[in-house]
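Colleague: First to last, the sequence lines map onto chains R and S. If you use numbering that gives the first Met the number 0, the first sequence corresponds to residues 0 to 450, in order. If you use numbering that gives the first Met the number 0, the second sequence corresponds to residues 0 to 450, in order.
Some hints could be false.
As the list claims (entries may be wrong) - Here are some, though not all, of the chain S residues that point toward chain R, as calculated from beta-carbon distances under 7 Å: (1) T10; (2) D19; (3) T24; (4) K177; (5) A208; (6) S224; (7) K350; (8) T374; (9) S438; (10) T442.
To be verified - Okay, derived cross-link-like pairs now, DSBU-like style, lysine-lysine, Cα gap no bigger than 30 Å in a straight line: (11) S:K430 - S:K355; (12) R:K430 - R:K355; (13) R:K290 - S:K355; (14) R:K355 - S:K290.
Source of the hints: derived by calculation from the structure; they are not laboratory data. Every value quoted in this text rests on a predicted model; they were computed, and no experiment measured them. Yeah, the Cβ is synthetic: ideal placement off N, Cα and C, and Gly gets one too.
2 protein chains.
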Amino acid sequence: MADPNDPGLLTPPETSLLVDRYEITMARTFHRLGMNEPSVFELFVRRLPPHRDWLLVCGLGPTLRLIEGMRFGPGELEYLSTLGCDREFLSYLEGFRFSGDVDAIPEGTIAYANEPLIRVTAPRIEAQILETLLLNQVNFQTMIATKAARVVLAANGNGDSVVDFSPRRDHGVDAAMKAARASAVAGAGGTSNLAAAKRYGLLPVGTMAHSFVLSFPTEEEAFESFMRENPENALLLVDTYDTIEGVRRAIEVSRRTGVALNGIRIDSGDLAELARAARRLLDEAGLTDAKIVLSGDLEEHRIAEMCREGVPADLWGVGTELGTSRDAPVVDGVYKIVADLSGEAWRGVAKRSAAKETLPGAKQVFRRVEGGTMTEDVIGTADEELPGEPLLVPAMRGGEIVLAETLDEMRERTRQSLASLPDALRSAGPKPSYPVRHSERLTEAAHAAAL
Amino acid sequence: MADPNDPGLLTPPETSLLVDRYEITMARTFHRLGMNEPSVFELFVRRLPPHRDWLLVCGLGPTLRLIEGMRFGPGELEYLSTLGCDREFLSYLEGFRFSGDVDAIPEGTIAYANEPLIRVTAPRIEAQILETLLLNQVNFQTMIATKAARVVLAANGNGDSVVDFSPRRDHGVDAAMKAARASAVAGAGGTSNLAAAKRYGLLPVGTMAHSFVLSFPTEEEAFESFMRENPENALLLVDTYDTIEGVRRAIEVSRRTGVALNGIRIDSGDLAELARAARRLLDEAGLTDAKIVLSGDLEEHRIAEMCREGVPADLWGVGTELGTSRDAPVVDGVYKIVADLSGEAWRGVAKRSAAKETLPGAKQVFRRVEGGTMTEDVIGTADEELPGEPLLVPAMRGGEIVLAETLDEMRERTRQSLASLPDALRSAGPKPSYPVRHSERLTEAAHAAAL
């Protein structure tokens, strides 16, 4: 029954209906026509988002799980029957299991426009029906990981100093979970989000809010109560009234209570200036170990500037800008059929819509790295062997996941990926683009398809 | 057990851990100190997002359900115990039920900066612990509904012509569900998202994708197969190769098969020009009932322009721009304590952080409407009676939901809200701002708190 106030939080098998209606219409039509030949679909981004020079690939692991677990339960089938799906097709869906292969660029890899991030080889109906969920998950997570990686680079590559504070501005529950995970893949050191910390094994980070300070008659009483009750985590928010006075008060309360001050957080005002003044006061009081946490609309440009200027921050709490990728909230990846089996032979297919052309045939990306720096990517056909490292690797075979990495593996790949970026692509400002070209064989195939 | 590749799709009681760590730290501290007095928190937006002149409030219904159902199960409690929560506090959480009152501006109402959208009156710990989830849900849904309302206004107020095509670019599963719901609240006529259509009782809409056309040797064969198999929904995507040729082919196949052409979709190229040419061809062929669906990076400015120019579109498929509110992907609502019970009397509290001040005390918004047009909002204290309609109404009492509206009720409120906007605020361009002032009593309270 429809319920306009339902929380709308889906779990499998309900997630199989997170599908655009046309996927089902097409799938049903293919089914009636017996058109379920092996087909190849590729997910790629036509153009990089504005303000982005590369993407950090993310989201594969959870997405493979969703694909592997894709089922149509009684509730889903009943709903589909109201949309005119015939009995034979519903019966097909009832037994639906993804049985195909997935090749993908692993999480934590740098990628560029037009490079296939994921390639699905499966019976046409299976490959088609995945489209919406696959794009919904991979576009968004790649977007957040890319933003987070930019923030980590801005923080001099010190991911441990970057913490995800985004849940309150993320686009819903799933977004908050995946923003935390994507940040971690990109190298961030922790998250404020306890559900994500629990599920993904991340470091949960937190201090106190203004509401805590305001719940006491005076800031002093608030600090004292907090320190006595949280001696192991005595990190005080000092900007509720007057920041510098707040720092003095924190030092004084630490002295009086004998509880070591773990640190302070500043969330408003001129962060750079206030952090410097706070550092001086803390050091003068002998509290050289007390950390300074900065937060409040932080993003890569401000962090890079403060790092350049030597602002004494130990932790950057990055919320809204990170969790929504505010300056580039969309990675508009698409998922396109590129080949199908026609009789005995693969047939490369391509559309020619204005400014939305596709290249035919299954593809691979070959990356050349020289002296630890990536120098050129060549997009070739999947069956050619070119110099360089092939970026797409097997992720599913016959419907079974064959690539399941640990978070450490993904984070280490990110570290290496960021280290191998050409210097020009590591800063946040405008820069020349990275060379990506097509192999001769792919160029010929495209030319042949256009005839 | 942490699992880095888990799909991360939460349902209650797991959603109770979608909470910033500091909420738990503070709640535990309040608990130990016995500070659980009645308190008032308000959710409001300090500044309207860029490119926005008002907000369309949305997300209350599902959020109230999440609050009402908030529990801490064994898994959640076990995790919290690893974060240093003491036995007494865990035992408190084990019995947690929200027992407070919520007053809120109902969904589909226009609101402005600094107006409380939601006011929570509850024991301090309960009110505090809701913060993250409340903001995560209401900020995002209000953002999407606002964007969708702008799109509806651009389409000459004809919501039935606007369809949500956003799932592939939304920020995850929850975002896709709520984007569809928020679009519906704003007046949109349907969604491509079947899970949302099912759950929220929306019209599921769909056509075909390029992959369908490309799965056949020729466009003609694709069209013919689709029309024969989907005679009740024969809407053809005509821009895979050459759009005008595609329209001609659609007409020809309709003639040959005897299946009425429901319409065509154009997704690339100069949409205005192509739609006009398509309309001429369809009309010349006597297919005056065949609809024209336009899609492809549409947003309110392009739609308004095409409407002004009389472009013959029957349906606007709006995806990426709608589902991510691309030009303003953040509504940065905050949730602040404004009062607590101190002995027998309410104590208004306010923070004075630079550029982030708050106003003390529980508030109400009074809207004056003259001749069907809203003319001024006055933010007053909750206990004063001023001319105009009070916007906040009871939504929960003693932990029970007392405001549960149907989608029709919300949509009707949106219709009236948009109709009552001053003319200057109904177009998409820059404009003067709407007058919102503070009542004398609120001004005095703020002044007193600042002393």
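Colleague: Indicate, hint by hint, whether the structure satisfies it.
Modeller: So, going through the hints one by one against the coordinates:
no., hint, result
1, T10, "5 Å, holds"
2, D19, "4 Å, holds"
3, T24, "6 Å, holds"
4, K177, "6 Å, holds"
5, A208, "6 Å, holds"
6, S224, "6 Å, holds"
7, K350, "5 Å, holds"
8, T374, "31 Å, violated"
9, S438, "22 Å, violated"
10, T442, "20 Å, violated"
11, S:K430 - S:K355, "25 Å, holds"
12, R:K430 - R:K355, "25 Å, holds"
13, R:K290 - S:K355, "23 Å, holds"
14, R:K355 - S:K290, "23 Å, holds"
Checked against the numbered hints given earlier, the structure breaks hints 8, 9, 10 and satisfies all the rest.
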